[in-house]
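Colleague: Residue-level listing of the chains:
Protein chains: 4
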Amino acid sequence: MKKNIRKQVRIGIIGGAKPNPESRKTAYETGRLIAEKQAVLVCGGLSGVMEAAARGHKEAGGVSIGILPGSSTKDANPYIDIPIATGLGYTRNSLVVMNSDVLIAIDGHYGTLSEIAYGFIQDKKVIGLGTWDINGILKADSPEQAVELALKPFFPLVR
Amino acid sequence: MKKNIRKQVRIGIIGGAKPNPESRKTAYETGRLIAEKQAVLVCGGLSGVMEAAARGHKEAGGVSIGILPGSSTKDANPYIDIPIATGLGYTRNSLVVMNSDVLIAIDGHYGTLSEIAYGFIQDKKVIGLGTWDINGILKADSPEQAVELALKPFFPLVR
Amino acid sequence: MKKNIRKQVRIGIIGGAKPNPESRKTAYETGRLIAEKQAVLVCGGLSGVMEAAARGHKEAGGVSIGILPGSSTKDANPYIDIPIATGLGYTRNSLVVMNSDVLIAIDGHYGTLSEIAYGFIQDKKVIGLGTWDINGILKADSPEQAVELALKPFFPLVR
Amino acid sequence: MKKNIRKQVRIGIIGGAKPNPESRKTAYETGRLIAEKQAVLVCGGLSGVMEAAARGHKEAGGVSIGILPGSSTKDANPYIDIPIATGLGYTRNSLVVMNSDVLIAIDGHYGTLSEIAYGFIQDKKVIGLGTWDINGILKADSPEQAVELALKPFFPLVR
Chain A
261 MKKNIRKQVR IGIIGGAKPN PESRKTAYET GRLIAEKQAV LVCGGLSGVM EAAARGHKEA
321 GGVSIGILPG SSTKDANPYI DIPIATGLGY TRNSLVVMNS DVLIAIDGHY GTLSEIAYGF
381 IQDKKVIGLG TWDINGILKA DSPEQAVELA LKPFFPLVR
Chain B
261 MKKNIRKQVR IGIIGGAKPN PESRKTAYET GRLIAEKQAV LVCGGLSGVM EAAARGHKEA
321 GGVSIGILPG SSTKDANPYI DIPIATGLGY TRNSLVVMNS DVLIAIDGHY GTLSEIAYGF
381 IQDKKVIGLG TWDINGILKA DSPEQAVELA LKPFFPLVR
Chain C
261 MKKNIRKQVR IGIIGGAKPN PESRKTAYET GRLIAEKQAV LVCGGLSGVM EAAARGHKEA
321 GGVSIGILPG SSTKDANPYI DIPIATGLGY TRNSLVVMNS DVLIAIDGHY GTLSEIAYGF
381 IQDKKVIGLG TWDINGILKA DSPEQAVELA LKPFFPLVR
Chain D
261 MKKNIRKQVR IGIIGGAKPN PESRKTAYET GRLIAEKQAV LVCGGLSGVM EAAARGHKEA
321 GGVSIGILPG SSTKDANPYI DIPIATGLGY TRNSLVVMNS DVLIAIDGHY GTLSEIAYGF
381 IQDKKVIGLG TWDINGILKA DSPEQAVELA LKPFFPLVR
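Taken in sequence, the protein lines are chains A, B, C and D. Every letter in the first sequence is one number past the one before it in this note's numbering, and letter 133, counting from 1, is 393. Every letter in the second sequence is one number past the one before it in this note's numbering, and letter 135, counting from 1, is 395. Every letter in the third sequence is one number past the one before it in this note's numbering, and letter 64, counting from 1, is 324. Every letter in the fourth sequence is one number past the one before it in this note's numbering, and letter 92, counting from 1, is 352.
Excised from the complex, chain A in its bound form (with noise of 0.2 Å):
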């Protein structure tokens, strides 16, 4: 794995931090799926969304990436493997797309819509799994097809 970290895609899941139970579960879906595809999972690293996606990542064995809003690793919820603390309040939330190569939204709130609007103005594919109906997002119809397209016709990732 560690050889190739660096080289592998980065998919951003955002999400809001009190989901109902059946986006909780399209997250851990979502999350299990990357980590099969070999992909990093980047994320906000605390509860909800954040939370179930990195544990399903991490159950299948996957490397994922908390961009934590407070100043201290230790905030980051139990699944996230590295964990980096900002200091920045939810002014992180633009770094938390910055460091995806491509985003999958799901439910979520003004906070998500935020992480949308910044992966249109830094130019990232953003997949939605019933979440903010935005112009320019690519709406799947399951964790399947969301990770389907966020892989798949993949620019030539330079890193």
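Any given hint might turn out to be false.
Identical chains share a label here; the pair holds if one copy fits it or two copies do between them.
The list that follows gives simulated cross-link-like pairs (lysine-lysine, PhoX-like), each with its CA atoms no further than 25 Å apart [said to hold, decoys possible]:
1. Lys267 x Lys384
2. Lys384 x Lys412
3. Lys334 x Lys278
4. Lys412 x Lys334
5. Lys334 x Lys297
6. Lys384 x Lys334
Derived from the structure by calculation, the hints contain no laboratory data. For clarity, every value in this text was computed on a predicted model and none was experimentally measured.
Please build the complex by placing chains B, C and D on the supplied structure of chain A, with the hints as guidance.
Modeller: What follows is chains B, C and D alone, placed relative to chain A:
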């Protein structure tokens, strides 16, 4: 002016860098009205809606704050009185909102969408003039109505 | 004042939150002189050296900008005219420097040291009044000399 | 490795982008020793001391995190495993420190000085190898001693 500037309500104008002529005129007019109401204008300090609003505001005698993405205060449009450099790039959008008591969104693209989202994240009132249709925005039909909505039943300002 | 505020030189005062009485007096006097010279005072907006300088500056009729660590403009000391919230915590120290044309360091601990370092990173002139002994600082013996050094052979200010 | 990466101590290496050959060698050796001790290397991700340390660390099998000033993960030197983009410019220096449990400063100029200052602001242990002479730094005479000081009587790490 000086004696009271800290106590004045700060109205943030958010909007696109490349508005159509009508939105530019709306921004100009809104900026002018904000000055007439003795309120401070806060914006992103650059071109388009930001510049038109700052120009209207300055021509009516107001004092404006521009929260800039770059690291030089020189980047501000010529109508900004207090340019603030951040060096944060678009990540500074959150700070435009943080320094406003209430927001008026005019036209705008994804940058404006991120600021609308931060408005709700930070529990600010967000008024819309021909902008994104996001749940929670108070729609106004004219600059007059927008500024009236921004200032009427206003929370007691403590700063 | 208003007409010229953008064109006025901005002198940043950096220094500790808990100075001894003498440093507090030095800060007060320096703030006062900055106002007399028609320059804007920039500081971190909180207590100690920042508050004493802002108080002296305000009592002499100046306009001051406080770049705050927190996310609320209410955090500023009562003598700040233009509080700017950043929500960046101590990471905002870089922005205090970024918004100053020249710096005067008074007393101070590690926070001040970080601002002195940013002064040199950002190619600003740094004047010291009883502060860290760092290579590159221009030492002054009095507030008068510090403000004189800050303003004399000054670069042509374009903003 | 993966199982434990979050629990590993993170040692931040701070130092100049243009070190002399000896400091480069010191950085390389320090990076190597950090990997041998099963610790994660954190640095600014760019050239000079950062690159030499990351190279030594990678050659000894370590995993490194680079907290970058720019907005692209591509900016990292080739030995960084986990590049983190911030888009904050030099303001990111505070985040390099925030993501380290303990710091080793090697050589360095004003950027390094700002990171040493943030080390003390954030209550981190700061070890010096031929760097600034700042009160509070624990001086080491060799990479071996620096890494030993970094890891011995270490606080119980909870993350």
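Colleague: Look at each hint and say if it fits the structure.
Modeller: Okay, the hints, checked on the actual structure:
Taking identical chains as interchangeable, the C-alpha atoms of Lys267 and Lys384 lie at most 25 Å apart only when both belong to the same chain, with a minimum of 17 Å there against 32 Å between chains. When the C-alpha separation of Lys384 and Lys412 is checked against a cutoff of 25 Å, the pair qualifies only within one copy, where the shortest distance is 14 Å, while the shortest distance between copies is 39 Å. When the C-alpha separation of Lys334 and Lys278 is checked against a cutoff of 25 Å, the pair qualifies only within one copy, where the shortest distance is 20 Å, while the shortest distance between copies is 30 Å. Taking CA atoms no more than 25 Å apart as the test, Lys412 paired with Lys334 passes between copies only; the shortest distance there is 21 Å, against 35 Å inside one copy.
When the C-alpha separation of Lys334 and Lys297 is checked against a cutoff of 25 Å, the pair qualifies only between copies, where the shortest distance is 22 Å, while the shortest distance within a copy is 28 Å. For the homomeric pair Lys384 and Lys334, the shortest alpha-carbon distance between copies (15 Å) is at most 25 Å, but the shortest distance inside one copy (29 Å) is not.
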